[in-house]
Amino acid sequence: MLGCRHEITLIGEEPDLPYHRPPLSKKYVTSLTEAEGLYLKPKQLYESEHIELRLGCRIKSLNRLEKSVTLDDGATLPYDSLALATGATARRLPASIGGDATNVYTLRTLADARALRDEFAEGRRLLVIGGGYIGLETAAVARSLGMQVTLIEQAERILKRVASAETASYFRALHLQNGVVIREGVGLDGLELLAGRAVRARLDDGSQMDIDVVVAGIGVNPATELAERAGLAVVNGIVVDACGRTSDPSIYASGDCASFPYRGLHIRLESIQNAVDMADVVARSMLGEETRYLPTPWFWSDQYTTKLQIAGLHHGYNRVAVREAPRAGLSVWYFDDDRFLAVDAINDPKAFMTAKRWLMAGFNPGFDALADPSVELSAIPEFVLTPKNTTQEI
Amino acid sequence: MPTIIFIEPDGTEKQVGARVGQTVMEAAVQNGVKGIDADCGGSCSCATCHGYVDEAWQEKLEPADSMELDMLDFAYQRSEGSRLTCQIVVGEEMDGLMIRLPVSQA
Ligand SMILES: Cc1cc2nc3c(=O)[nH]c(=O)nc-3n(C[C@H](O)[C@H](O)[C@H](O)COP(=O)(O)OP(=O)(O)OC[C@H]3O[C@@H](n4cnc5c(N)ncnc54)[C@H](O)[C@@H]3O)c2cc1C
Ligand code: FES
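Residue numbers (the numbering used here), protein chains in the order written: chain B, 1 to 394; chain F, 1 to 106.
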């Protein structure tokens, strides 16, 4: 809370108060948690902070010349500065292969999760399409409810876009142990419908299977339509500078929808860390503070009782060091030659928190230290700083 | 409904009626208590729901599990009664539980 004295209006298309999305694919579907348990802040807080809520309202158009937005209920609201945090929308399976069947779901919103709660029940057959985090988490939740779960992944392995083969192997084994049928390198040819529901899936290896429910976890598209129609620069996300400002100086963007400068590139992240930290920078910029967004990315995923925590971004790695961890855990350390990039810490919060600190401090432990199992994590700063290793870049 | 007493970072005392079965973090957030971020929404992944359990209560609560302890090792200004409040499930017997919140969560 920065003590802003301006009038703030928060407009959101969904009817619920802003909420935590991560539990939707984790404990929400299986637990009896009410939606209030997911809310970021209680209603009174918006009132006491004088934030006017316009929920269940979609912004139809953004009129930059007159600095106003038009809502789907016809109202037009003026702004001095505007923040676009429109997030992303889940990709759907094409209707041409049966994607519009009533039992084919995506998992992005509370409404999606509520619908899945009704569909998920012991013994039912679930087909999960996509072996990314959302697909894997959904498979885990469904298994814990006693469903029969098959997960197909079109690429040669699960987690292809987001993690190393080592991390993927760990999670493949975990799901196999828990009774999920995982089929990698297999895509969907089409769904056969009966009275509007998908009842059978034809896979591209020629096999077929009977199904009761389908969940597609095949990625998201940044919600850039509003920005695009208003003529803002959009390239895989709404393009912003380090302060979160778009190509229009009174308009900012943050979170899943925004593409920001990072180490000489423009990137987009889909994570809570990014949504929270970038919103902070945007709020400060809007109030005239000089700030720059220099994130230390982090992420997590919960599957069964296993926790994965990721610090850093692994893009551009060419080798990994793998370390064993307590609680049947593992940590996978990503390097570009000797430059430390990221860690996947499985049941190993120590590795996660250590890596996060190192990345924030710009400290490079070097590959050799991590690859040597006899060197404790807590001893690595000294290890790297001993004369033997003075050639290492720190 | 057990009452939990939170001491906000600036010293303000807030008494909150908590529901049995929810977590201490949820009780705080849903009642607008200041000083808890809870970025990960209670998944023991972020350590931004850190609080100090009053001495009188430290022994009475179920001890932290090893994952929570490892996260706490890196929490900002860890001390004796440090806990991640998302890992404490409210029970009937917790009426009067007092938790101080740190000045910063990071
Ligand atoms: C099931 C699931 C699990 C996840 N798990 C994790 C996890 O474990 N860890 C992690 O770090 N991240 C996780 N994420 C990602 C994380 O939730 C997102 O990165 C985060 O929610 C992004 O926040 P945001 O504010 O940018 O966008 P969103 O949360 O997508 O919010 C955007 C909002 O804007 C609204 N909107 C869009 N266009 C308009 C318009 N024209 N008018 C009005 N309103 C509009 C949308 O309806 C939406 O409510 C998960 C996401 C999902 C869906
Ligand atoms: S809310 Fe993130 S660790 Fe408790």
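Hints in this document: simulated from the structure, not taken from any laboratory. Keep in mind that this is a model prediction, so the values were computed, not measured. Note that CB positions come from ideal geometry on N, CA and C, so glycine has one too. One should not assume that every hint holds.
To be verified - A few chain F residues that face chain B, going by a derived Cβ cut-off under 8 Å, partial list only:
hint : residue
1    : Gln22
2    : Ser45
3    : Glu92
Q. Taking 8 Å as the limit, does the beta-carbon of Ser45 (chain F) come near enough to a beta-carbon in chain B?
A. Constraint on Ser45 (chain F) satisfied, holds at 4 Å.
Q | Interface hint compliance - Glu92 (chain F) to chain B, C-beta minimum distance less than 8 Å | A | violated, 18 Å
Q) Hey, does the Gln22 (chain F) contact hint survive, CB to chain B under 8 Å? A) Status holds, d = 7 Å.
Violated hint: 3 only; the structure is consistent with all others.
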